[in-house]
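Using the hints, put the two standalone chains together into the complex.
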Amino acid sequence: MGDKRDDLDDLLASARDAEAPSDALIARVLADAATVQEDLQAPAPASRRGWGAWLSGIGGWRGAGGLVAATATGLMVGVYAPDSVDALLDGALTDYGVIASDELVSGWGALLDLEDG
Amino acid sequence: MDAQLDELQDDALMLLFAQGEAGAARILTARLLPRVLNHAARVLGNRTDAEDVAQEAMLRLWRAAGDWQAGGAKVSTWLYRVTANLAIDRLRRTGRAVGLDDTDEPADEDALAADDRLIRADRMAALDAALARLPERQRQAVVLRHIEGVSNPEIAEVLEISVEAVESLTARGKRALAAALAGQKEALGYG
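Protein sequence lines correspond, in order, to chains D and E.
Note that the numbering used here has the first sequence beginning at 1, numbered continuously upward.
Note that the numbering used here has the second sequence beginning at 118, numbered continuously upward.
No wet-lab data here; the hints were simulated from the structure.
Idealized CB from N, CA, C, for every residue including glycine.
Treat the hints with care, since some could be wrong.
Stated by the list, open to error - Here are the simulated distance ranges between beta carbons:
#, chain 1, residue 1, chain 2, residue 2, range
1, E, GLN186, D, ASP9, 19 to 29 Å
2, E, GLU138, D, ASP9, 20 to 30 Å
3, D, ALA42, E, THR211, 33 to 43 Å
As the list claims (entries may be wrong) - If you only want the chain D side, here are some residues facing chain E, beta carbon under 8 Å, derived:
#, residue
4, LEU8
5, LEU11
6, SER14
7, ARG16
8, ALA20
9, ASP23
10, LEU25
11, ARG28
12, LEU30
13, GLN37
14, LEU40
15, ALA42
To be verified - So these bits of chain E aren't anywhere near chain D, every CB distance computed over 10 Å:
#, residue
16, ASP119
17, PRO252
18, SER279
Isolated chain E (complex conformation) (with noise of 0.2 Å):
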């Protein structure tokens, strides 16, 4: 069942969840949780406060299937502007976290060996530091384009800004996250 589902678009899903099909809402949690969690992840530099915000999201997604109107907003930006917005209130809430926890853990971590682990934390950690000194809103837009994919006229409609707005913050963005990382090439395992 579980696989026919998996081959409907987001917003028949929704209407699907709304009606009772349980199954629904295994395969929006499979699509849409890990991209909201990285992205708070990437924004808040911190993965507890990440899970957190990522569930409020997931769980505002529930709540608003009931009225969800099919064709219209596309669930993914609808999900990325709420987690967006909650990922600014915890920022201004608890300040600007620098760096993961160390509870961060990579997706194939079976897969990986020892040290390839620990360069991938140092690579996260020393791109979450470098993420943490962007403002706000470049951070998002950074975030959304060059880790998410998102395209820009998508994060237009998620950040409520122009499109030439998001072009300015991701190349402003990218050329700041590139000043910050210079001098750490072989620290970050480039060299």
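One chain only, chain D, in its complex shape (with noise of 0.2 Å):
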């Protein structure tokens, strides 16, 4: 028994350098190396930074246009008192009870006034 347990030591122990990778392996091996490095060393795209990465953000020139326009409309929105909005949906606002009329504010005009006054 204890022949056997020597001899399988033996065995295992003239196993342990049995397969020496080929040439072939080793140029593969390597060769697989150098792709990966190449690309560890690639710089990586440079991000975008200021106007380009804000541009970005919002979804490029198409985003930009929409943005002012949202921008200009919400401006003019401000800008005219709520009667005037009304005025220019022929009273719809009024018509739906969405504000009263007693609630509007005489506008840019009566801002004007009040500083005049």
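The following block contains the structure:
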């Protein structure tokens, strides 16, 4: 039994160096390494900064156009008082009860009058 | 330059590899590829499959270099784990192969007489046949412990089991190997 165990140990030990990589395998492994190394060394695409990043974030020029239009509309609504908006909409806001006539401020002109007064 | 690199630990070489040092790949390949190939060959019992697994394991090592943490996982342990998993995947996909391909060649074939090479090839074929009869995990543990000389705690990390489980696997595996090889003493050249 003792011999058998020694023989098995010998056999296992002889298996330790049984497989030498062939030159072809080594070449394939080093070729893989070179490819991966190139990828690791390749500069990452420069991230957009400043206006470029901002523009990209809102969806490019098309998104910027939409944003400008929405901003202009909001500004117009803010500048013209609700009565003017209501007038523009042919009194639709009043008709639907969204606003009452006595809630209306006289708008831009009234503001100027107040300043004059 | 390679001689200087050869003095470095594996994890330092991984970092140098990630920084573009080509010599690091050569040293790591020289150190690790034979162990990976040997492990895969003993577990799979097939040289061609073992080469495929070894190449894939090394490829995963290169890809891991960019994120490698120095002082973290031991490179060889990590690589053995990858190899063990790839080998198990291959075994399950192809079924258990028994015996080595005839393409198997010893490392120092020029120094060995033809008879010695035959005896050695016969021994490896007998060992592979016996190993192939072991359950997968037992086979992995026996190869790592008794052929690769990996410590039990490291095998526990590779196979993600306890050290006690490793001891049990290797003890049972070695007993099973001894039983499988009993009666082949003369055939193996030990008579």
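Comparing the hints with the structure gives:
no., hint, verdict
1, E:GLN186 x D:ASP9: 19 to 29 Å, "37 Å, violated"
2, E:GLU138 x D:ASP9: 20 to 30 Å, "40 Å, violated"
3, D:ALA42 x E:THR211: 33 to 43 Å, "36 Å, holds"
4, LEU8, "5 Å, holds"
5, LEU11, "6 Å, holds"
6, SER14, "7 Å, holds"
7, ARG16, "5 Å, holds"
8, ALA20, "4 Å, holds"
9, ASP23, "12 Å, violated"
10, LEU25, "5 Å, holds"
11, ARG28, "6 Å, holds"
12, LEU30, "6 Å, holds"
13, GLN37, "6 Å, holds"
14, LEU40, "5 Å, holds"
15, ALA42, "10 Å, violated"
16, ASP119, "13 Å, holds"
17, PRO252, "18 Å, holds"
18, SER279, "23 Å, holds"
When held up to the earlier numbered hints, the structure conflicts with 1, 2, 9, 15 and fits the remainder.
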